[in-house]
Structure formats: structure tokens, C-alpha cells
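Residue numbers (the numbering used here), protein chains in the order written: chain A, 1 to 453; chain B, 454 to 697.
Don't read these hints as lab results, they were simulated from the structure.
Check the hints yourself; a few may be wrong.
[Claimed, not checked] Residues of chain B placed beyond 10 Å of chain A at every Cβ, according to the derived structure: (1) P546; (2) K659; (3) V662; (4) T695.
[Claimed, not checked] Below, in silico cross-link-like pairs of lysine-lysine (DSS-like), each with a Cα-Cα straight-line distance of 30 Å or less: (5) B:K550 <-> A:K156; (6) B:K481 <-> B:K537; (7) A:K373 <-> B:K537; (8) B:K657 <-> A:K373.
Note that beta-carbon positions come from the ideal geometry of N, C-alpha and C, so glycine has one too.
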Amino acid sequence: MVNHVSLSETFNKDEERVNWHDETLWWIRQKRDKAAWQIPEWEELREMASQIKMNTLSNLHDYLLQFEKNALANGIVVHWAADADEHNKIVYDILTKNKVERIVKSKSMLTEECHLNHFLAEKGIDVIDTDLGERIVQLADEAPSHIVLPCIHKKKEEIGELFHRFLGTPEGNADPQFLTAAARIHLREKFMTRRVAITGVNFAIAETGEFVICTNEGNADMGAHLSDIHIACMGIEKLIPQRTHLSVFLRLLARSATGQPVTTYSSHFSKPLAGQELHIVLVDNGRTRQLGRPDFRNSLKCIRCGACMNTCPVYRRSGGHSYHNAISGPIGAILAPNLDMKEYADLPFASTLCGSCSNVCPVKIDIHQQLYKWRQVLTKEGHSPAAKTAAMKVMAGTLSRPGLYRFAGKAGRWFMRNIPWLTNNRLNPWYKQREMPAPPKESFGEWFKKMRK
Amino acid sequence: MNVGLFIPCYVDQFYPGVAIATLQLLEKYGCKVGYPAGQTCCGQPMANSGYEHLADSCNTLFVKNFAEFDYIVCPSGSCTLHIKEHLHDNASPAEAKSIRSRIYELSEFMTDILKVESISSRFPYKVGLHQSCHGQRGLYISQMSELVAEPFSKPGKLLQMVEGLELVSLGRSDECCGFGGTFCVAEEAVSVKMGKDRVDDHLKNKVDVITGADMSCLMHMEGILKRQKSNVRVMHIAEILTQW
Chain A
1 MVNHVSLSET
11 FNKDEERVNW
21 HDETLWWIRQ
31 KRDKAAWQIP
41 EWEELREMAS
51 QIKMNTLSNL
61 HDYLLQFEKN
71 ALANGIVVHW
81 AADADEHNKI
91 VYDILTKNKV
101 ERIVKSKSML
111 TEECHLNHFL
121 AEKGIDVIDT
131 DLGERIVQLA
141 DEAPSHIVLP
151 CIHKKKEEIG
161 ELFHRFLGTP
171 EGNADPQFLT
181 AAARIHLREK
191 FMTRRVAITG
201 VNFAIAETGE
211 FVICTNEGNA
221 DMGAHLSDIH
231 IACMGIEKLI
241 PQRTHLSVFL
251 RLLARSATGQ
261 PVTTYSSHFS
271 KPLAGQELHI
281 VLVDNGRTRQ
291 LGRPDFRNSL
301 KCIRCGACMN
311 TCPVYRRSGG
321 HSYHNAISGP
331 IGAILAPNLD
341 MKEYADLPFA
351 STLCGSCSNV
361 CPVKIDIHQQ
371 LYKWRQVLTK
381 EGHSPAAKTA
391 AMKVMAGTLS
401 RPGLYRFAGK
411 AGRWFMRNIP
421 WLTNNRLNPW
431 YKQREMPAPP
441 KESFGEWFKK
451 MRK
Chain B
454 MNVGLFIPCY
464 VDQFYPGVAI
474 ATLQLLEKYG
484 CKVGYPAGQT
494 CCGQPMANSG
504 YEHLADSCNT
514 LFVKNFAEFD
524 YIVCPSGSCT
534 LHIKEHLHDN
544 ASPAEAKSIR
554 SRIYELSEFM
564 TDILKVESIS
574 SRFPYKVGLH
584 QSCHGQRGLY
594 ISQMSELVAE
604 PFSKPGKLLQ
614 MVEGLELVSL
624 GRSDECCGFG
634 GTFCVAEEAV
644 SVKMGKDRVD
654 DHLKNKVDVI
664 TGADMSCLMH
674 MEGILKRQKS
684 NVRVMHIAEI
694 LTQW
């Protein structure tokens, strides 16, 4: 069965690669720390961002209508999509209406979540991802492994090989600057010739009906400005009430994501260019369901910075693909079960509940607490293996009866001392790469009874 | 001061020396210590696995055992945090709530309640302090590297009082060791890798001993050290503080 356990086990077969992956992401975590420490009011900023998002989520209905009204007044065409299918159909309808078969698309985790590329490919539409990292994983026919750094799992040599195969760069050339220049030439032609550009949205502003896209490569701008039709796709939780709130979020986003003070481009789109069509697709796809779960509502505050992934000791050592979901890492593990409990029942267990994710989160989502709560929900909803349930019942039974607990402890230690292979064998996952603790003759309880009558 | 000694199940069974050291420390600093013989476990193994609902009888047992004490002290941040966050009892909700505010992890009890300012122990070794996540990020016994805030460490402060002890700084001051309760067997590959990396950090800094306020993390790292046939030992902080 494909789940986090089996996928991360495979990932760990190459320990050198795990070390490299871990150290690369840890370096980004350190860059984030340095950037955060340059802002003395960092923790207050996080609290403010969290509260603005709480206000937004508490009044989402009104803010969405306000946004729609203002966007319409600006000349933007507004579409509402209840789920991924509707979103994909809306995009496809715009393309067919305009007889467009080749498009460019900049980074949008929402379109990954909706599997838009796959949907459009089946309809014969050619989509070129223009974010460099996304283009790389697209050429490799893979999904992004990280929401901010889609190809962080690939070494530069592997990228050189891909570019050699698909873009005709010289074999064996893995110089990042050279490869980037090659990608630039390759993408420039696409930007110049394609009439439709899809982009994501980082923030949509209710008071003005405009939206903001943050990139480092300027690829969203290039696509949007050179196209006849710009389609921006966003989850409904991307809203913020006022433009002034950007002063909080833009300070947090890039610092949390990569340790930069701000993204290279923070572009505002408020109305179509002359002769251009500007569409925005507002997508629910389970978000209102999550909003209705008090324990998990906070997860919708996420601004997709990826800091929780970079800090997560499990993510760094299991890779983004081990989460088998568009959004990986700790935040993915609390968002995914809302989409499909059965499919993603493993993800909330892919954590030691160490809590580092909640501490780096710029909008203070209680991620590790939600992981714990999802575990309870998933078990109650019956998404737990029968053998685990049986074992847990035995454990609970033993631990609630002091006499039985003492007997089991004593017997267990006796067996471990006298018949060590009972635990020291390959069926015991602890013993595979770790020694068992040495079982003492006497428990503390036994010692205390003897010594302190 | 009437203190109830809560010894987590795995410490009771595998590390009685840690429990004895804890008892000795509390008594040295003037506590009247009681050890309810009917105690078992905080219920965390079930709860963290998604079976909180099976931990009810454990909870009831815990309340029955510890309701009478002024304070409850435990040599494990993780078990303490679990009680603090999750103990409930439908039969006696007020008692459960009160216990949640009276339970302390050993090192925070020593610095915050007993106000220990000096320790007469001697331990002339290089020591690496493992910051266990639940004690640190849950109970705030140490500052967390993710936050822009003044650093402090309650177990670190206690260790600094020990004569001859050299506390080393690590490459990553507070990364998880990968134990994570049932995570250590359910996600064996990642858990082991996390443990190996944590141990490596201590080894690179040439420690003689790895210590901490949670025996579960130390047990995990001990399992890895022993498999590597390393001479580096793990010791619970209570065992170091009682080297007098």
C-alpha cells in the first residue's frame, strides 16, 4: 500500500540523499531564523497576521461578496467554483470559447490541488509551467515536492540531465546559471506566443477587488502582461480585508518562506489591461467544510510559505512526495484529510508532534495540535487498521489495571532477560536499527515497596 | 510540601535508577514524597495513536492516585504535558482540572517551585543536553529556537550548577530525536534517521554523556548509540544532579 510509511522508507534507502535533502532545507530554516531576528516585533507581527486571518475567516461570506462586487466594478470576470471539477471546467470553457490550445501557467498550488494540468492534458490542451522549479518537475513528469521549492528534491545534475533531454543543453552541464539561462530562452518563446496565462493568487483584497501575486522570477507578470486572457485561480481563503493588511503579510511571507525580506515581485492586479480579459476563479473545494470544523478551521489561515516543511524533521527526512498530496509537510497533513479521510488517513501520523511547525508558522496555525486532533477523528471515523485497534485495546486494558500492569511488566522484563530473541528479532521494528533497553530485575515500584515500607 | 511522585510506566519498568534519583532529589530539597503504588501510565500511548477514547480508565486511575497531593512531579516532560493538556475525568472533573495545574516536570519544579539556586553535585564530563520537544515546546522549560525571544533553559540552568560539568552547544539546539511514541515503530525508517542525526550532533561535539529531561528520547538515542557500539552514555538529568 502506498502511504507515508512505505514512501519514506523508500526515500531513506539512499541515506546520502536524505542527508543532502535535510541539510538543504535546514539551511533555508536558518535563513528564515536570521530574517525573523532582524524584526524585533516578529512575534507581534505573527499574532497580528493570525488575528487578521481569523477576522477574515469569521466574516468570509461578507468579504467574498465585497471582493466580488469590487472586482466586477474593476472589470474583472468573476467565477465561482464549488469544487475542483467545477474549477477545471470553468478554465476549460474559457479556453474553448477562445479556441486556445496552448497556454502558460505560473505557480498555483490550487491548480495542483485541482489536478488542472492533468485535466487539461486529457482535453488536448498544452500547459507550460513557467515557474522554473515547476517546469523542472513538469519535464520530469513529477508533482512538486514542496509548495515554495517544487524541485527541492532534485540535484542540479539531475536537472542538467532533464534539460539535456528536453531542451537540448549539452550533456553533463549542470551549471545552475547556464541551465537557468537555457530555461529562460525556452520559456521566453512560450511567453511570446501563448495567448492565455493562468496564475495563482497570494492575496485578494476585499476592499479594492484587486489581487496580489508574489514571485521571485517575474514569471506570473510576464505571462499575465503578454497574454490576451489572464485567468487567476484562488482558494476562497486567500482573502484579506484591506490593502493595508498587506503591510503585515508581505513582511511575513518571504521571510518565512526563504529568508528574503520580500519577494522580488509583489504585483497588484486590479483591472484588465486594454484589450485584455481578466478572469478570477474563486474555488471552495472543501474549504467551507473545513471552516465548519472548529478544531481545524485555523488551517485555512495558511499563506503557503512552506516554513513548516523546512523546519519539519520528518519532512526533511522523508521528502515531499512521501505525503502523496499536492500540499506536503505538516500543513498538508492537516489539510489533506479534509479532502479525503480514507486516502490521507496516514498523514496526521507522519509526525512526532514535536511542535516546531506551529512555532515557525507566520499565521500561528496550531499545526501539531491539529495533527493530534485529526488522529482522534480518523480513528473514530474507522480509518485505523484493525490490528492497531486490537493492540491499543490490550494496552489500554493493561494500563488501567495496576495489578495486571505490574504482572505484565515483570513478566516482560523476565522474558527480555532470559529469552532475549523474543524481542530482539526482525519482526520488532525497534530492534531493526536500535538496541532494546536493558531490562532490570526490579522495577521502581518493586524497589520502593521493598525499601520504603 | 506534599509531593506525589509520578513515575511513567517505561521509567518504572526500564529505568528504576532515574526514578530513584528523582525521589532522592525531591527529598533532598525538603519535599515529603508519596509514591502511589497503584499508578501506571498517563495514557499518552493510546491518545497519541488516535485512541484518546480508550484512555478514560487510565485517566480515572490517575485522578484516584494523585488527587491528594499539593504537587505532582514527574521526571518526564512528555508525560507531564499529556496530563496537563488532556487529563479529564467525568466522575470527578474538578479534581482532574486541579491536577492539570499542579503537575510539574522535575527540572521546572526544581527551578520554579523549589527555587533551587545551588546543587552539591559533581560531574566532571562533557555533557550534551537534548531538549525534548514536549518539555520544551509544550511546557516551555526552555526557549525555542523558532521564536524571536530571549533564550533560557531550566534544565540547562540546573546543569550549570554542577561542579566540573561542561555543557556543550550543539549544531541544532532543539531538533526532535524522532522517538515520538508509537511513531518510533510505525515510522521506523524516518524515526531511526532522526535519532541517528541527533546522536551524530552530540558525537561531533565530543560529548561523554547525553542528558535530558525525558527518558523516552534518551532511550531512543541509547538504542542507537548501543547499536553503534558507542561509549557515549545517556543519563537522565536527575541522575547527573544526584552525583554527590
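Under the criterion that the straight-line Cα-Cα distance not exceed 30 Å, is the pair K550 (chain B), K156 (chain A) satisfied? 55 Å, violated
30 Å limit on alpha-carbon distance, applied to hinted pair K373 (chain A) and K537 (chain B): 16 Å, holds
Distal placement of P546 (chain B) relative to chain A, Cβ over 10 Å: 19 Å, holds
Does T695 (chain B) clear chain A by more than 10 Å, comparing its Cβ with all Cβ atoms of that chain? At roughly 15 Å from the nearest Cβ of chain A, T695 (chain B) sits farther out than 10 Å, so the non-interface label holds.
Least C-beta distance between V662 (chain B) and chain A, which was stated to exceed 10 Å: V662 (chain B) clear of chain A: closest Cβ-Cβ about 17 Å, beyond 10 Å.
Could you grab the alpha-carbon distance between K657 (chain B) and K373 (chain A) and see if it respects the 30 Å cut-off? 37 Å, violated
Hinted pair, alpha-carbon criterion (30 Å max): K481 (chain B), K537 (chain B). Please report holds or violated. 26 Å, holds
Decide, holds or violated, for the assertion that all CB atoms of chain A are farther than 10 Å from the CB of K659 (chain B). Fine: 21 Å to the nearest Cβ keeps K659 (chain B) off the interface.
Violated hints, in rising order: 5 and 8; the structure is consistent with all others.
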